[in-house]
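Visitor: What follows is each chain in one-letter form.
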Amino acid sequence: MYMKAKFEHLQAAHCENGVTTNLLRGVGVNNLTEPLAFGIGSGLFFIYIPLLKINNGPAIAFRTQPGLIFKRTCSSLGIPVVRKKFSSREEARKILDQCLEQGKPVGCQVGVFYLTYFPREYRFHFNAHNIIVYGKEQDNYLISDPVMEQVTSLSSYELERVRFAKGALAPRGQLYYPSDMRVVTDAQIRKAIVSGVKRNVRDMLYIPGSFAGVAGIKYTGRKIKKWRDKLGIQKAGLYLAQLVRMQEEIGTGGGGFRYIYGAFLQQAFAYHPTDALMEISSQFTRTGDLWRTAAVQAAGIYKGRLSGQPDFDLMGDYLEEISELEKQAFRSLSKIKWHL
Amino acid sequence: MKKEEIPQDPGALNKLTKEVCYAVDQSGQYVTELSSGWEVKAKALDVAWEDIENRIAVARQKVLGGEASPILFFMEYRLMDPGILAAYTGFWKWRIKRHLRAKAFGKLSHNQLRRYAEAFNVSVEDLKNMNVHEG
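Chains A and B supply the protein sequences, listed in that same order.
All letters in the first sequence, in the order written, are residues 1 to 340 by this note's numbering.
All letters in the second sequence, in the order written, are residues 1001 to 1135 by this note's numbering.
Be aware that one or more of the hints could be misleading.
Claimed, not checked - Interface residues of chain B toward chain A, partial, derived using beta-carbon atoms under 10 Å:
no., residue
1, Y1022
2, W1049
3, I1056
4, V1058
5, M1080
6, L1085
Think of the hints as simulated: they come from the structure by calculation, not from any bench.
Values in this document were obtained by computation on a predicted structure and should not be read as measured data.
Note that CB positions come from ideal geometry on N, CA and C, so glycine has one too.
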């Protein structure tokens, strides 16, 4: 069997942004970039889930719920979407093959643990990775993993195993694709940018509770200051290493996400020429820089170079400062007068 | 971050690919650039793996000392916890916690052992003997 959809692989910083952008380009949306997809999909987020442990460390996410960037971007741009989950593996394979036969590249949510082309060091039980399947040659599926420079492939057994990975956020064979060719006008993008920004303002500033949004960042900062006494230096170091991995690894990105958001606001300026956007973009550049400074401080602790309480206090202060700066940045965004 | 400041350190991923980073150029415009890795996060990954290796070694000792069953060893070896293992095997979490004890393990039927072995991607014999073959 040989099938191959017309498909162009473009590398991205974040998997779901990349899948969204590449799939939409495939149906004729040529004016969408990774930062626009991220901003329109309101991808920036923060949550610390107390009591829950992931890989024996704190559960922290810098992103919205998996799947939302694609969903929101498509709905804001008026693009119809098909999304399916499966209980049967045969059915999951059959539907995928049918799409490929029709020349449609398809987005798949997969687990990373058995993703054979990743180096072992990266293979944790993380189930919200996104890839595009764009063809099949004999028993091999052609794969575009947006965080990679080159395309790759998986055997049908390997693909099935990652599509049916188990545990938190189990993908259950989930696939999704835009179901129709569409041309998206600049006016639609203008409008989608406004709704994406407003939703992100809501998620970061007004989400109830103290664990999420800018309040969650401050909460985490305060928690970190207590880690040294509560957990002991070694475990506290492990927790900080986990924070940094969630923050800076491919696909997640706390610092990196701020830069993508900064890029989004600059690109939004082309559609809404108000100087405030450029100014707020540079505010996000500053918070991205501060996230990275915090990561360097954390590394000092988990490398064993820093071990005093003042070192933990400084780490916590960085997060509290970031929380304050991002609050200001989102406040400024909420005050923009949009002209539609 | 300025474009020139994008780190180009060796990382675990760079056997496979470089990563896309967003940064500003001299005029303040955002551009993309490839990065081979960042020492700060490479070290974070190392720390996570040192902890995993340590947990595996402790589990192995416990199994050899008769304090725990090989399921504990393989659970650590496959980076799982009882929740993930429950999802793969279909056993309830509390039953898995029981099976982590050496005594309860001895009473498992062949069929139950097979379910664990499949989840760990090993043979039943290897499960019982704590044999690992990389793959």
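Visitor: If you take the shortest Cβ to Cβ gap from V1058/B to chain A, is it below 10 Å?
Guide: violated (12 Å)
Visitor: Close enough to count: is the Cβ of L1085/B nearer than 10 Å to one in chain A?
Guide: At about 9 Å, which falls below the 10 Å cut-off, the nearest Cβ of chain A leaves the hint on L1085/B intact, so it holds.
Visitor: Can the hint on W1049/B be confirmed by a CB-to-CB distance to chain A that is less than 10 Å?
Guide: Holds, about 6 Å.
Visitor: Tell me if the interface restraint on I1056/B is satisfied: Cβ within less than 10 Å of some Cβ in chain A.
Guide: Where the cut-off is 10 Å and the nearest Cβ of chain A is about 13 Å from I1056/B, the hint is violated.
Visitor: Can we keep the M1080/B interface hint, with Cβ of chain A closer than 10 Å?
Guide: holds (7 Å)
Visitor: Does Y1022/B meet its interface restraint, that is, does its C-beta lie within less than 10 Å of any C-beta in chain A?
Guide: holds (4 Å)
Going through the hint list in order, the structure does not satisfy hints 3 and 4.
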